[in-house]
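In order, the protein sequence lines correspond to chains C and Z. Quick note on numbering: UniProt numbering labels position 46 of the first sequence as 46, and the sequence is numbered without any gaps. Quick note on numbering: UniProt numbering labels position 117 of the second sequence as 117, and the sequence is numbered without any gaps.
Wrong hints could be hidden among the right ones.
Which copy is meant is left open, so a pair is good if it fits within one copy or across any two.
As the list claims (entries may be wrong) - Restricting the straight-line Cα-Cα distance to at most 20 Å, the calculated cross-link-like pairs of lysine to any residue (SDA-like) are:
| id | residue 1 | residue 2 |
| --- | --- | --- |
| 1 | Lys206 | Leu110 |
| 2 | Lys80 | Ser177 |
| 3 | Lys206 | Ala111 |
| 4 | Lys337 | Val315 |
| 5 | Lys269 | Pro125 |
| 6 | Lys80 | Asn343 |
| 7 | Lys160 | His16 |
| 8 | Lys337 | Glu219 |
| 9 | Lys296 | Pro71 |
| 10 | Lys160 | Ser72 |
| 11 | Lys38 | Thr155 |
| 12 | Lys40 | Val316 |
| 13 | Lys40 | Glu135 |
| 14 | Lys218 | Leu110 |
| 15 | Lys206 | Pro74 |
| 16 | Lys38 | Ala170 |
| 17 | Lys38 | Ser75 |
| 18 | Lys218 | Lys337 |
Keep in mind the hints are simulated off the structure, nothing from the lab.
There are 2 protein chains.
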Amino acid sequence: MSSQGQNTGRRPELRHDPVTNRWVIFSPARAKRPTDLKSKSPQNSNPNDNSSCPFCIGNEHECAPEIFRVPSDPSDPNWKLRVIENLYPALNRNLEGPCDEKQDMGVPGLAMGGFGFHDVVIENPVHSVHLCDMEARDIGQVLLAYKKRIQQIATVESIKYVQVFKNHGASAGASMSHSHSQILALPIIPSSVSARFEGMNEYFEKTGKCSLCEVQAKELLIDESTHFISIVPFAATFPFEIWIIPRAHSSHFHEFDCEKMVDLGGLLKLMLRKMSLQLNNPPFNFMIQTSPLQVKESELFYAHWFLQIIPQLSVVGGFEIGTGCYINPVFPEDAAKVMREVNLPVEG
Amino acid sequence: MSSQGQNTGRRPELRHDPVTNRWVIFSPARAKRPTDLKSKSPQNSNPNDNSSCPFCIGNEHECAPEIFRVPSDPSDPNWKLRVIENLYPALNRNLEGPCDEKQDMGVPGLAMGGFGFHDVVIENPVHSVHLCDMEARDIGQVLLAYKKRIQQIATVESIKYVQVFKNHGASAGASMSHSHSQILALPIIPSSVSARFEGMNEYFEKTGKCSLCEVQAKELLIDESTHFISIVPFAATFPFEIWIIPRAHSSHFHEFDCEKMVDLGGLLKLMLRKMSLQLNNPPFNFMIQTSPLQVKESELFYAHWFLQIIPQLSVVGGFEIGTGCYINPVFPEDAAKVMREVNLPVEG
């Protein structure tokens, strides 16, 4: 939380988002002007020294086992992307399926074996290429790789949720500088996902409508493509947070077809390039916020997936850790205006 | 998330804590030995250059208005601690009480005016003195100042929850190096607090017992005092997270008397000193996890307050942001053993 502020004349406001089911404090007194907000720790995450990078083409033998590659021939040395096991997985795919095991520690908690999948998607064979440098159709291939891997994992009955995420820059959690994303398949439904589903369900019960289909707000819009819109959410948790939302109501990311994935690739590229230019190449995370597996489609009528992008511009402190309530110095409509007006140079 | 690991031979495990109502992944394959885990960014937050510090004795005129001081005479220049307004408050105490205002942005979210209190507790007049350097009874005075301020705020009917927290070190969110803590009084009950109360209530309904009164586990115990125990929680979200729990069942921090506050001051000092020595003076946060105001005591039979301490040893990435589920490389019983065995030098 910054203590350097200026009085913008605007009053603080609390906003509740029905999708995340959370309150956020908007506090302009703690802000610089939105256009002055820049990353102080540009990620510098792709130095040219790639001699020891196991994700680079030619170093495949240094990686954990490959799950699949594109193109699909496993002996083709000229791959465009690879999906591999994580060498240091958070969960273990070789354990038996999960079983509830009460711990005998004299405490009331529950424990279960750490069964699950933790994969890495190497997005490009070349060390120095970032995701936003790639062609829209190649970013679409990365999204299609997520889709294919989720479809494979969905056949394992004990997996309840799959989180796809990307950490870009060391301070956003990336331990490898070569552009990659991760897929973590869990035998539980985590708390933020439950909260999101309760929020969307409550909104549907109250209004008979989907909370994300309802987002049509011009003030919050950044850009749009054939099948998607990109907005700053009404109660954005973080400054310059972006959601890319499919226009068509759909509960699961992995239901989308090839054409839509390429379209999404183009809008994702645009958002990442705008963010990088406006915010000084910040560390960032993106997450695909989809629906639990093993739930009938008919039970998910209120659910709408989206892709969430968060630039890392501020430090999280005890208030946020203690309450789950965040303080955002930038009003979403101001952030959306700034992002709309970013003029990108022509790529060449 | 670190990718440098060693195989400890232990299997990953998922644990659910009934108090936080959250799952945590324990992943020893991603860990060093617990005793090797040290902060890489020691906080360096109290440099000797205090010439421009508004929190230092003699610079009171540079601060926002004082609320009270100890000793209580406002003209006594030799104060021991001061509670002041935050110069850049997240919420505004001068707004009218909160009123629901639907925003006309064509979006389904809710908004309300940002009414609330945001105070700072200057814990000591001297710039170079950290909280853990102070005598137990002076730390007790800081805790009594929290109590007094919460009691004052509790008279404002529209305030629903008060979060007391301390950020120590820049990377834990502290923007001032002079030792201080903060009090943020909210017109809403934030999501993590609701989740905690649902968790504790569910446990009570299932067992007829309080989830925190039940914690008697020797393996998780670090230390104890007359009125408190300190443990690593069974499903600790962060490595070396510590909870200080009152032995007596009590829903609100501010119900505790002077004697118990001094006792708590002693145990808090001990935990901060052990943490500093074992983990290389890490940035940290602590939070007082109390109960909502304006709720009848009789409705809070399942609620038990505690003080939560979190050293900042790792970076949070997209997985944690997306799911609210954290990956902890250190099993709580291992962290508790390490903390039990820290030998503190005699202070002098």
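Hint check results:
{"no.": "1", "hint": "Lys206 to Leu110", "result": "between (34 Å within a copy, 13 Å between copies)"}
{"no.": "2", "hint": "Lys80 to Ser177", "result": "within (18 Å within a copy, 49 Å between copies)"}
{"no.": "3", "hint": "Lys206 to Ala111", "result": "between (36 Å within a copy, 17 Å between copies)"}
{"no.": "4", "hint": "Lys337 to Val315", "result": "neither (24 Å within a copy, 30 Å between copies)"}
{"no.": "5", "hint": "Lys269 to Pro125", "result": "within (18 Å within a copy, 52 Å between copies)"}
{"no.": "6", "hint": "Lys80 to Asn343", "result": "neither (30 Å within a copy, 54 Å between copies)"}
{"no.": "7", "hint": "Lys160 to His16", "result": "between (27 Å within a copy, 16 Å between copies)"}
{"no.": "8", "hint": "Lys337 to Glu219", "result": "within (7 Å within a copy, 54 Å between copies)"}
{"no.": "9", "hint": "Lys296 to Pro71", "result": "neither (33 Å within a copy, 64 Å between copies)"}
{"no.": "10", "hint": "Lys160 to Ser72", "result": "neither (27 Å within a copy, 57 Å between copies)"}
{"no.": "11", "hint": "Lys38 to Thr155", "result": "neither (43 Å within a copy, 41 Å between copies)"}
{"no.": "12", "hint": "Lys40 to Val316", "result": "both (15 Å within a copy, 18 Å between copies)"}
{"no.": "13", "hint": "Lys40 to Glu135", "result": "neither (28 Å within a copy, 38 Å between copies)"}
{"no.": "14", "hint": "Lys218 to Leu110", "result": "between (46 Å within a copy, 17 Å between copies)"}
{"no.": "15", "hint": "Lys206 to Pro74", "result": "neither (51 Å within a copy, 53 Å between copies)"}
{"no.": "16", "hint": "Lys38 to Ala170", "result": "both (17 Å within a copy, 18 Å between copies)"}
{"no.": "17", "hint": "Lys38 to Ser75", "result": "neither (44 Å within a copy, 43 Å between copies)"}
{"no.": "18", "hint": "Lys218 to Lys337", "result": "within (10 Å within a copy, 56 Å between copies)"}
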